[in-house]
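Engineer: Taken in sequence, the protein lines are chains A and B.
If you count the first sequence from 1, position 180 lands on 179 in numbering that gives the first Met the number 0, and the numbers rise without skipping.
If you count the second sequence from 1, position 103 lands on 102 in numbering that gives the first Met the number 0, and the numbers rise without skipping.
Take the hints with a grain of salt, since some may be wrong.
Stated by the list, open to error - Residues on chain A that point at chain B, a partial pick, calculated with CB under 10 Å:
(1) Pro-67
(2) Trp-69
(3) Val-71
(4) Cys-74
(5) Asp-80
(6) Val-88
(7) Val-361
(8) Asp-364
(9) Gly-435
(10) Asp-468
Unchecked claim - Calculated pairs, SDA-like style, for lysine to any residue (alpha carbon to alpha carbon, straight line, at most 25 Å):
(11) A/Lys-1 <-> B/Ala-151
(12) A/Lys-1 <-> B/Arg-158
(13) A/Lys-1 <-> B/Glu-152
(14) A/Lys-1 <-> B/Arg-271
(15) A/Lys-144 <-> B/Arg-265
(16) A/Lys-485 <-> B/Ile-77
(17) A/Lys-1 <-> B/Val-320
(18) A/Lys-1 <-> B/Arg-265
(19) A/Lys-144 <-> B/Arg-271
(20) A/Lys-485 <-> B/Val-320
(21) A/Lys-485 <-> B/Arg-294
(22) A/Lys-1 <-> B/Arg-311
Note that these hints are calculated values from the structure, not bench results.
Ideal Cβ positions, reconstructed from N, Cα and C, are used throughout, including at glycine.
Chain by chain, the residues run as shown.
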Amino acid sequence: MKAFTDLYWRLDATTSTSEKVAALRDYFAAAPAGDAVAALGVLSGGRQLRSVSTSQLRTWAAEVTGLPAWLVEECYAHVGDLAETLALVLPEPEISTDEPTDRGLAEIMRTTIHDLRGVDEARTREVVTAVWQRLAPRERIVWHKLLTGGLRVGVSRTLVARALAEVAGIDQAEMAHRLMGGPPADADAFARLLAPEAAADSRRPYPFFLASALDRSAVEHVAEDLGDVAAWQAEWKWDGMRAQLVHRGGDATVWSRGEELVNDAFPEIAAATASLPPGTVLDGELLAVRDGRLLPFAMLSKRASRKTVTKKVLADVPCLFVAYDLLEADGIDLREMPLAERRRRLEALVATPFTELLAGAVPADASRLFLSPLVTGGSWAELAELRGESRARGVEGLMLKRRASPYAVGRTRGDWWKWKVEPLEIDAVLLYAQAGHGRRAGLHSDYTLGLWDDGRLVTVAKAYSGLTDAEIVELDRIVRATTLEKHGPVRICRPTVVLQLAFEGVSRSTRHKSGVAVRFPRIVRWRKDKEPAAAGTLADLKRMIPADS
Amino acid sequence: MRDLLEVTESGLYCERGDFYVDPWRRVSRAIITHAHADHARAGSDRYLCAAEGKLVLRTRIGGGAPIDTLRRGESLSINGVKVSLHPAGHLLGSAQVRIEHGGVTWVVTGDYKLHHDPTCASFEHVPCDVFVTESTFGLPVYRWQSPEAIAAEINAWWRANRDAGRTSVILAYALGKAQRLAAIVDPSIGPIVAHGAVMKLVEAYRGSGVRLPPIDRVPPRARRVGDGRALVIAPPSVLGSSWLNLFGESSVALASGWMTLRGVRRRRGFDRGFAVSDHADFPGLLEAVDATGARRVLVTHGFSDSLARYLRETRGLDASVLPTRFAGEAPPDDAVANTADHDGTDNDPTATDLATEADA
Numbered sequence: 000m001k002a003f004t005d006l007y008w009r010l011d012a013t014t015s016t017s018e019k020v021a022a023l024r025d026y027f028a029a030a031p032a033g034d035a036v037a038a039l040g041v042l043s044g045g046r047q048l049r050s051v052s053t054s055q056l057r058t059w060a061a062e063v064t065g066l067p068a069w070l071v072e073e074c075y076a077h078v079g080d081l082a083e084t085l086a087l088v089l090p091e092p093e094i095s096t097d098e099p100t101d102r103g104l105a106e107i108m109r110t111t112i113h114d115l116r117g118v119d120e121a122r123t124r125e126v127v128t129a130v131w132q133r134l135a136p137r138e139r140i141v142w143h144k145l146l147t148g149g150l151r152v153g154v155s156r157t158l159v160a161r162a163l164a165e166v167a168g169i170d171q172a173e174m175a176h177r178l179m180g181g182p183p184a185d186a187d188a189f190a191r192l193l194a195p196e197a198a199a200d201s202r203r204p205y206p207f208f209l210a211s212a213l214d215r216s217a218v219e220h221v222a223e224d225l226g227d228v229a230a231w232q233a234e235w236k237w238d239g240m241r242a243q244l245v246h247r248g249g250d251a252t253v254w255s256r257g258e259e260l261v262n263d264a265f266p267e268i269a270a271a272t273a274s275l276p277p278g279t280v281l282d283g284e285l286l287a288v289r290d291g292r293l294l295p296f297a298m299l300s301k302r303a304s305r306k307t308v309t310k311k312v313l314a315d316v317p318c319l320f321v322a323y324d325l326l327e328a329d330g331i332d333l334r335e336m337p338l339a340e341r342r343r344r345l346e347a348l349v350a351t352p353f354t355e356l357l358a359g360a361v362p363a364d365a366s367r368l369f370l371s372p373l374v375t376g377g378s379w380a381e382l383a384e385l386r387g388e389s390r391a392r393g394v395e396g397l398m399l400k401r402r403a404s405p406y407a408v409g410r411t412r413g414d415w416w417k418w419k420v421e422p423l424e425i426d427a428v429l430l431y432a433q434a435g436h437g438r439r440a441g442l443h444s445d446y447t448l449g450l451w452d453d454g455r456l457v458t459v460a461k462a463y464s465g466l467t468d469a470e471i472v473e474l475d476r477i478v479r480a481t482t483l484e485k486h487g488p489v490r491i492c493r494p495t496v497v498l499q500l501a502f503e504g505v506s507r508s509t510r511h512k513s514g515v516a517v518r519f520p521r522i523v524r525w526r527k528d529k530e531p532a533a534a535g536t537l538a539d540l541k542r543m544i545p546a547d548s
Numbered sequence: 000m001r002d003l004l005e006v007t008e009s010g011l012y013c014e015r016g017d018f019y020v021d022p023w024r025r026v027s028r029a030i031i032t033h034a035h036a037d038h039a040r041a042g043s044d045r046y047l048c049a050a051e052g053k054l055v056l057r058t059r060i061g062g063g064a065p066i067d068t069l070r071r072g073e074s075l076s077i078n079g080v081k082v083s084l085h086p087a088g089h090l091l092g093s094a095q096v097r098i099e100h101g102g103v104t105w106v107v108t109g110d111y112k113l114h115h116d117p118t119c120a121s122f123e124h125v126p127c128d129v130f131v132t133e134s135t136f137g138l139p140v141y142r143w144q145s146p147e148a149i150a151a152e153i154n155a156w157w158r159a160n161r162d163a164g165r166t167s168v169i170l171a172y173a174l175g176k177a178q179r180l181a182a183i184v185d186p187s188i189g190p191i192v193a194h195g196a197v198m199k200l201v202e203a204y205r206g207s208g209v210r211l212p213p214i215d216r217v218p219p220r221a222r223r224v225g226d227g228r229a230l231v232i233a234p235p236s237v238l239g240s241s242w243l244n245l246f247g248e249s250s251v252a253l254a255s256g257w258m259t260l261r262g263v264r265r266r267r268g269f270d271r272g273f274a275v276s277d278h279a280d281f282p283g284l285l286e287a288v289d290a291t292g293a294r295r296v297l298v299t300h301g302f303s304d305s306l307a308r309y310l311r312e313t314r315g316l317d318a319s320v321l322p323t324r325f326a327g328e329a330p331p332d333d334a335v336a337n338t339a340d341h342d343g344t345d346n347d348p349t350a351t352d353l354a355t356e357a358d359a
C-alpha cells in the first residue's frame, strides 16, 4: 500500500508528463506482479461496485471521532473531497510495532475492499475502522478513494502505456495495443504484457485514433492551417458512440472507446460483426436510427448503459454501425497504410453509404453496417458551406482526415481534425452556485444559470467550466457577498452576474422544469458589461430547437 | 447589564473605559492585539500594545501617534476599567486583552496559537467569564503537526533542493510567519535570503531583542541571486512576478495553514505547500476555550458559526457569533491575491470585507 500511496502522491504533485511517466515506470518496475495488476486495474478506471456507501463512512467517522454528524458534513462541504475529509478528521493511526509494516495493494484491496461484498454492516464497519486505525492520513485518502471508486490520478492510458513500454523495453504503440481490451487479469497476463513478443488475442481491439479540435475554425484559418483541400478527406461528424468491430478466429466483439466489451448492449451489432469476413476490424460510430431517422444521442446512451436489452428496447432504439475505417483485413494490420488506401478497401467491404438509408433509398432493415459517406467539396469554402448545414442534418460538423495519414494511436495531433459547427450561445443569469471539488474545493465554481420567462428567472442549465481560475476566485467572492439563502452546499444568489453560455444543441425535455434541455453547456465569457435584465429569455432558447423535433 | 464590550461601527468598543480593541476606523484610543493589518490600522490618536510589540507596531503604522505599552504582569486602569495584556503566541508582541470591571472579566484573544514559536512568548491561559476567540481554523480537519515535524519537513525540502542545485523559495506573511520560519529552519543547510518586505520586519524583530540567524537582503537591483543553495523567504505577492526569476531554477512553497487541503495546494502555482500556521488549530481552539473556564464564548472571524454551535452542543456553553471585520489568515486564494492587506501597504478596512466569509 505504501508504494502505491507514494505513486498516487507523486502523480498528484506534478503536472509534468515526463515526471508522471517516471513515477509510473518506477512503480511498475518494482511492484510485485499481483500489486501491479491491481494498480493497472485502478489506473485504467475499472469501475467496481461499492461495498460501502459514503453515508456509512460519514456516520462511522462521526462515531469514531465523537464529532457530531453535522460537523463532519460541514468539513466535507469545506474540503470538497470525502476521502480527504475523513482522512483528516480521523484520529492519528495507532502504530503498533508487532504488526507487519506494510501490506501490498492487492492484499489490501482483496481483504478490505473486495471481500466486503455481501458482508453484513457490522462486519464491514469493523474492517473499515480497523483500516482507519492502521493507515496514516496520506494512505487513508488513497484507500478511501479505492473503497468508494473515486480514484482519479490524471494519467491517461497513453501515459500508462508509455511507462509500461519503458519497463518492458518495447515500442509504445505495441504496448498500447497490448493493453487494449482491458488491463491484465492476473500475474500471468501481466507477465505476457511485459514479454518481448506479443501473444495473439482474437478479441483485442486496436487503440483508437482520436481527433483533435481545430485551433481555429474560421474557414480562412482552416485553409491556412491545413493547406490543399485535396489532401483531406471530409466526413460528417455523427453524434454517436465510437466503436470498433472485431471479427477474428470465430470471435465477434464490439468495443466501446472506453475499451468495454459492449456485445450485450448491442446484440444486433455483434451479429452483424459476425457476418464480416474473418480477420476484419472496423472503426466507426454506433448510431440509433429508427425508420430511417436518427434518434437523439440520449436514447443511444441510455441503451448503451443496459446490461441486457429486451426485445422492446431493440425495437424502440434500433442501432446500426457507420464504418469509417478499416484497420485489419484478412488478419493483416493495415494501420500503417495511407488512409486513402484503407478507404478504398473499406468501400469494397461495406458498400452502402449511410446517407442512402437516411434518404430512404434502401429499406430500413436492409443492413446494420453502413459506410460513412464522404463529404465532397472542391474548396475549403464549399466545405465550410456544407458544414453550415450540420445542425439541420443532425450532425456535429465535419471530420477532416489527411488522405496520406496512417492510423495513429491516441490523440496524435495533425492528421485527424474535428471541424465542429459553431456552438449556440445565450446570455444567462447566475442563480445558484455550489462549491466545486478537487482543485476547486471550497470555491463556488458549479453554476446554475437561468433565463427570463414572463418576468421570472427559470433555471435552464448547469455549467462548470469556461472561466479562468482568477475569474472563479472573483466570482466566488460575489457569490458569497450576494447569497440570499444557503441550502446545504448550494447558495441562492441575488441575480447580479450574467454569463454567456455556449451549448451544442437544445431539445424539448419533460425532465426539466423549463421544458428544454441543453447539450454540453459551458461558459464562454463573463458578461460584465450586461445587467441581468438584459439577459436572454426562455423563448429565445426555445427558438433554437430544431423544427422537426 | 450592558456588555463590557460591544461591536460598533468603528470596532470592538468598551464604553465604560472609552477605548477600542483593534478598531477598524480611526478612534481616540486603540488597544492593539497584534500588528497585522486587519487588527492594527493607522490613524488613531493613541495606541496601547504589549511592550515587546512596540517597535513592530511602529514599523507597521508609522507616524507619530503615541504608543503606550504594558509589560507582562502590569495592568492599567482606563476610566476605571482594569486592562492587562497577556501573550497570544501569534507573533512578536501579540497579546490577549484582559478587561475587568465590576467583577466581570473579558478576554479578547486577537489571533493566537498554542504551538511553540521561538520568536514570541507562548500563549497564556487567562481565566475569564467571557472569552472572545478567533476561529480561523475552527474545523476539525485542521490539526497541525508538531513544530518539530514541520521544521523537519521544510528542512528536508530545502536540503533536497540544495542538493539538486535548486533555490528554495518559501512564501509567507512578511510579519510573523517569515521570522518564525527563519528561526525554525536549520541554517547549516545554506544561506537564508529575504525579500525587502520581510527584511524590514526582520530588523524590527532584531531591534526588539529576538535572535534570528543571519539573513541576507535581496539587493534592490540584483540580476541573479545565489547559486541554488539558498532559502529565500518572501511574501506571497511575489508569486507570478518576475522577482522570482532572480533565483534561476527554484522550488516555490507556500507556508499557510490552508495548505492542509490538497485542493488548495493544487490550485496555485507553487510546488509545495507546508501547513504551518500562526493560528490555533481545532484542538488548540478547544483547549484554549476550556482552559479559560468561561461560561460565555463569543466567536469571531473564521468558522464562527460551526465553532459556536459545537461549543454549545458539546460543552453547554453560552456560545455565539460576534461579527467583526477581522480576516484571520487570509483564505487560500486571497493569501496570494490580496497580500497587500497583510503587508501593511493597504489599511483600507473595506479591503477585507470580501476577503473573508467571516460572519457574513
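Engineer: Next step is simple, just say for each hint if it's right about the structure.
Structural biologist: Okay, the hints, checked on the actual structure:
no.	hint	result
1	Pro-67	6 Å, holds
2	Trp-69	8 Å, holds
3	Val-71	8 Å, holds
4	Cys-74	5 Å, holds
5	Asp-80	7 Å, holds
6	Val-88	5 Å, holds
7	Val-361	54 Å, violated
8	Asp-364	53 Å, violated
9	Gly-435	8 Å, holds
10	Asp-468	7 Å, holds
11	A/Lys-1 <-> B/Ala-151	21 Å, holds
12	A/Lys-1 <-> B/Arg-158	24 Å, holds
13	A/Lys-1 <-> B/Glu-152	19 Å, holds
14	A/Lys-1 <-> B/Arg-271	21 Å, holds
15	A/Lys-144 <-> B/Arg-265	18 Å, holds
16	A/Lys-485 <-> B/Ile-77	43 Å, violated
17	A/Lys-1 <-> B/Val-320	43 Å, violated
18	A/Lys-1 <-> B/Arg-265	22 Å, holds
19	A/Lys-144 <-> B/Arg-271	22 Å, holds
20	A/Lys-485 <-> B/Val-320	18 Å, holds
21	A/Lys-485 <-> B/Arg-294	30 Å, violated
22	A/Lys-1 <-> B/Arg-311	41 Å, violated
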